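**Student:** When the count follows this note's numbering, it moves up by one through the sequence shown with no breaks and lands on 184 for the last residue.
Quick caveat, the hints were computed from the structure, so don't treat them as lab data. Errors might be hidden in some of the hints.
[As the list claims (entries may be wrong)] The list that follows gives simulated cross-link-like pairs (lysine-lysine, DSS-like), each with its CA atoms no further than 30 Å apart:
{"id": "1", "residue 1": "K87", "residue 2": "K155"}
{"id": "2", "residue 1": "K117", "residue 2": "K155"}
{"id": "3", "residue 1": "K62", "residue 2": "K87"}
{"id": "4", "residue 1": "K76", "residue 2": "K62"}
{"id": "5", "residue 1": "K76", "residue 2": "K87"}
{"id": "6", "residue 1": "K155", "residue 2": "K76"}
{"id": "7", "residue 1": "K62", "residue 2": "K117"}
{"id": "8", "residue 1": "K62", "residue 2": "K155"}
Here the structure is a predicted model, which means the values were calculated and not measured.
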Amino acid sequence: MEFRLIKLVMVLGIALQMWLVSIGNVADPEVNWEYIKHILSMDLVEGEGYKTRAILNESFQKIAYISIIILEFASAILCTAGSFLMFLNIRKDDSRGRQIAGYGLLVVIFLFFVCFYVVGGEYFQMWRAKGWDARQVAMWNLTTALLTAVALKIPDKRI
Numbered sequence: 026m027e028f029r030l031i032k033l034v035m036v037l038g039i040a041l042q043m044w045l046v047s048i049g050n051v052a053d054p055e056v057n058w059e060y061i062k063h064i065l066s067m068d069l070v071e072g073e074g075y076k077t078r079a080i081l082n083e084s085f086q087k088i089a090y091i092s093i094i095i096l097e098f099a100s101a102i103l104c105t106a107g108s109f110l111m112f113l114n115i116r117k118d119d120s121r122g123r124q125i126a127g128y129g130l131l132v133v134i135f136l137f138f139v140c141f142y143v144v145g146g147e148y149f150q151m152w153r154a155k156g157w158d159a160r161q162v163a164m165w166n167l168t169t170a171l172l173t174a175v176a177l178k179i180p181d182k183r184i
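Build the full structure now, drawing on both the sequences and the hints.
**Tutor:** In structure tokens:
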């Protein structure tokens, strides 16, 4: 049962993180909106070699930002629902809760690995935008989500 509690706390922690991030983006959208504009427009990247990749159209930038917020909320909802079911079934098989939480973690992994690390970091050269490189924060979120996903797949009987 202890390992089930560890899994539950891990999923709850990620749910809380994603709620705080998504609500923060709605409550104070300008903070991360500036970040999105700089990364997508590549205006802080020195040199011209990669600038053909830039998205300068503000409507497309807003679509990207809103999509990120939707993914954040989706992961928060799925991880919360999964952890709720895991809690209700803490003394028995909680495969449905783990499955739903797993989908939430999949969204977190997609968001922080594919969107931020690969697309933002490499395609839009975020690592070259001094002061705006969010790859480390993305890696923290990605690592936590991956560890939690692995923990969810370990059968309780093996511990």
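**Student:** Hints first: check each against the structure and report whether it holds.
**Tutor:** Here's how the hints hold up against the structure:
The straight-line distance between the Cα atoms of K87 and K155 is roughly 22 Å, inside the 30 Å bound, and the hint therefore holds. Between K117 and K155, the direct Cα distance comes to roughly 50 Å. Violation of the 30 Å bound is thereby established for this hinted pair. A C-alpha spacing of about 9 Å is found between K62 and K87, which places the hinted pair at or below 30 Å, so the restraint holds. Pair hint K76 plus K62 holds up; C-alpha atoms about 14 Å apart against a cutoff of 30 Å.
For the proposed pair K76 and K87, the alpha carbon gap of about 19 Å is at most 30 Å, so the pair holds. A C-alpha spacing of about 16 Å is found between K155 and K76, which places the hinted pair at or below 30 Å, so the restraint holds. The suggested pairing of K62 with K117 is violated, with an alpha-carbon distance near 48 Å, which exceeds 30 Å. A threshold of 30 Å between alpha carbons decides the hint, and for K62 with K155 the separation of about 14 Å falls inside it, so the pair holds.
Of the hints listed earlier, those the structure fails to meet are numbers 2, 7, in rising order.
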